[in-house]
Amino acid sequence: MIPLAVRAFSLRKMVVLWMLRRSIRENRRLIGYAEMTQAFFQRLEVPHRESPEAIRLLKKLIRAKENQARLDERTLWVMDFDMVSLVFEVFNLIVPRRLANEEIGDAMEHISRLRKSPGPWRSAAVATRVLSTGFWIAINCLREIRAATKGRKSD
Amino acid sequence: MDNPVTAKAALLRALVQGEGFGLDLIDRVKVMSGGEVMLGQGSVYPALRDLEREGLVSSWEGEPTAERGGRPRRYYKLTALGKRAALDTRRTVMALFGAPVGALRLALPSAVAR
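Chains as they are written, first to last, in the working numbering: chain A, 1 to 155; chain B, 1 to 114.
Each hint should be verified, as a subset may be incorrect.
As the list claims (entries may be wrong) - Below 20 Å or equal to it, Euclidean Cα-Cα: the simulated SDA-like pairs (lysine to any residue) are:
id, chain 1, residue 1, chain 2, residue 2
1, B, Lys-83, B, Val-93
2, A, Lys-150, B, Pro-46
3, B, Lys-77, B, Arg-90
4, B, Lys-8, A, Arg-113
Think of the hints as simulated: they come from the structure by calculation, not from any bench.
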């Protein structure tokens, strides 16, 4: 039986993570405004556009945008991984220890490898891996139970 | 047509190279077969546990790692019985498909005529 305190803690953590994700998406929208500002600078008359002040501002803007994107990427990944761990922790409570260590452990290791692979489909790949792991753990758990009862019957 | 190689045979062949854990064995089979045999998580873990029950492989837990959420890897290696089974499987496959392609071509029309 899962202690109530643990469940309440997990739920609170999930809500906090969800709120953090939302705030990061908001920041991304702000970055969109920064792009508009950049486009505005580019449309300025040549003498104005090439003034040291405009160039300095533009460079600052571009650097800030790059830093923000990097930070977003890292934060989102850490949060995604946290969320994945949380989901797997729930499985951990239900399935036998050996299955949890082996299959959930391998799934988490695979997900950390996915982080290093480039591509826009990474989040989808992680979600698919989590879902398929859940499905196969349930099936394998049933298979194990069946094998154990079969073994006991033949004894 | 599906690939006729069973998960157990593929795992036995992969373990001939040395000990390994689930994820590593999936990659090893994929590389060894040039991408022809792809084991999924639905087939590899039950097959490994069956092989262990049959006494063909033995397993032990390694050190827990952070990237696995503090869970240890489970390593597998062939037992003496497993090595013999791997050799037997190889012999059977070679006996069935190991004949030169020319010989198979020559044998086929006569088999059809008969």
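Non-conforming hints, listed in increasing numerical order: The structure conflicts with hint 4 only, although it agrees with all the remaining ones.
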